[in-house]
Amino acid sequence: MKMNGARILLECLKKEGVDLIFGYPGGTVINIYDELHSFKAIRHILPRHEQAGVHAADGYARATGRVGVALATSGPGATNTVTGIATAYMDSTPMVIITGQVPTHLIGNDAFQEVDIVGITRQCTKHNFLVKDVNDLALILKKAFYIARSGRPGPVLVDIPKDVQIAMAEFHYPESIEIRSYKPTLEGHPKQIERAVDMILEAKKPVFYVGGGVVLGEASAELTTLARLLNVPVTTTLMGLGAFPETDPNALRMLGMHGTYYANMAMTHTDVLVAIGARFDDRVTGKLATFAPHAKIIHIDVDPTSIKKNVRVDLPIVGMVKGVLERMIKVANKKSAAVEALKEAIKPWHEEISGWKEKHPLTYKQTSSTIKPQYVIEKLRELSDADAIVSTDVGQHQMWTAQFFGFTTPRTILTSGGLGTMGFGLPAAMGAQAAFPERQVITICGDGGIQMNIQEMATLVQNRLPVKIVILNNNFLGMVRQWQELFFDKRYSSTCMELPIDYNKLAEAYGANGFRATNVDEVEDVIKKAFATPGPVIMEFMVAREEKVLPMVPAGASLNEMVLNA
Amino acid sequence: MKHTLSVLVENDFGVLSRVAALFSGRGFNIDSLSVAPTNDEGISRITLVTSGDEQVLEQISKQLNKLIDVIKVIDFTDGSGVEREMALVKVTAEDESRAEVLRIVDIFRAKIIDVTQKSYTIEATGNPTKIDAILDLLRPLGLKELVRTGAVAIGRGAKAWSKDS
Ligand SMILES: Cc1ncc(C[n+]2csc(CCOP(=O)(O)OP(=O)(O)O)c2C)c(N)n1
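From first to last, the protein sequence lines are chains A and B.
Each position in the first sequence, counted from 1, maps to that position plus 587 in my numbering.
Each position in the second sequence, counted from 1, maps to that position plus 691 in my numbering.
Just so you know, the hints here were simulated from the structure itself, not pulled from any lab data.
One or more hints might be untrue.
Okay, the calculated bits of chain B under chain A, using three or more residues with CB under 8 Å as the criterion [claimed, not checked]:
(1) 696-704
(2) 709-716
(3) 736-742
(4) 828-838
Glycine is no exception: its CB is placed at the ideal position from the N, C-alpha and C atoms.
Throw the hints in and build the complete structure from the sequences for me.
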């Protein structure tokens, strides 16, 4: 059947199983909106800013593992998506972003609302396309979804000129697709895997260092099985949180700049380091020259460019982490004597780690009536549902959430790790809540970042998305203030927010509810009230203003040079 | 160290800017770059000369392969390829230097492709080091303008490249 390009787009989305998109209309997508009006298979949510729309699609994708879809008009609509796309790119979220474009005959003319969005996003998408002919549209969308979700996932942008949306063509959606120039290596090399297991079995001080790839690759169960089978300690990156239960005795929790003392010490002393779906980011390694100085390094990743990018690797394994870990479990199961020997051999290692854990656990002091932010995070964990999804913004509150929430399940923490995008928390929670209307979705923000996409309160209320919004209000851009305190002699240049905002009234203005706690005794009450209140709620906690995130490895220092209490 | 890479790419819109942007975005060097279609209509071949240590080269090669439009990257650093480059050179050639220029052209098996009373324009082809050599000799005689194509390279032997090897 012949149909117009706009309709073909929607049919393609339906074929890909897309039932929800976040989009914002405008001149060059008005034909798509016209088709959407009567297209029942796809729900559309209108955010109040395209950046938030992309973050919402990103949050949806992170929470579900499915491809998130966002739609924006050309020109300013398209440029507003860029921060969202870059955020998704850095954290490898599978997404398809559709932008309208001026009609093909006007491209290059500096037409009204024309920008070269394909050019602009070339460096922050996994791939992007300009559709020049309606007959290519379906195939390009098929490719876009395939590229977005396969291998190392990532955002793909498809730019569709207005005339292509109007032009008629036969709709035919390919069942499968082959791209000769794109063939990600999915299966790890069996010999390499066998060697990796042998290397671990001979270790005295092994550590698993786990990144977001394990979450993206749905390999958390395999990781947990292998770690328990071999009794190997596991540390995760910020993006890896939830891949391994932090309640497990083998959990070293988060490593790196604000990681635990014991995780960073374990990294410094390990003799066999197994990196799984992680990429040795500078926030994780600290000073490269002294990173894991005694370790042989095994690196498992689906993206070969991650391997040997910043650190030397003794044994690379390129492949999907799930399959590789499954195979490692099989191999290990066949070597039960060696496994028992390993468990015996690493007893002193476990003792050493226990010593570190005892010496410097993650801690804070809640002494006066002033609310400590860490206390709020602990109370949130205690009072929230076991399957609650938590998104964060970027700053101190993000690190406190990572340190004190105690994540146990993948896809329950949504946070901008790679780009560190303030303004991510609220819209990401919105996307997750749209995906899981019945689950508790909480976003934890600072009083700085919440303002960057506060307009989404309207979207939440309008669409009955009952996100619970936590603001840890220190009236500072806290993380920057912390750096100024530690490294710039407390010269608080432009980090004090000065103007206090009445968040209760703000919530009210949007038709939502707001509660505030100024005293530690009120914290529990406010959380309970908020969780019991239907609809979106703002919980504002007036927290200790100059509390610091600790421990801290100063930028450029070695992992064992932590500031523990300052 | 210099490396010559052949990058076989889909003849798609924007592919050259993807490759170029990869180099600029990641701080890799491009010494020269040449691009043209191949015997397969859908495929273009980019020959790239770059420099860097082994680790840098490995990253370049991996990053190129990661681009969706890149079909294959061939590294000729090991001497497995034959390289050629062409240069067009305008040199001053008056009175006594005219004969000297002709002599150099002859030694290097280059060609004169344009003549005036005051100048010769020379076409020289060969391995890039040979081009460097002829330029070194021409320079003192009055080199006015130079265009180089950048190297192109092809594997030695009977076998052609294939996607799967
Ligand atoms: C879009 C953006 N702009 C600037 C920054 C730099 N930055 C990182 S953390 C931070 C402070 C955040 O303050 P707030 O939201 O109040 O959270 P807190 O650190 O106080 O918990 C800033 C400005 C950023 N990460 N993102």
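- Item | Violations among the numbered hints, reported as their numbers in ascending order | 3 and 4
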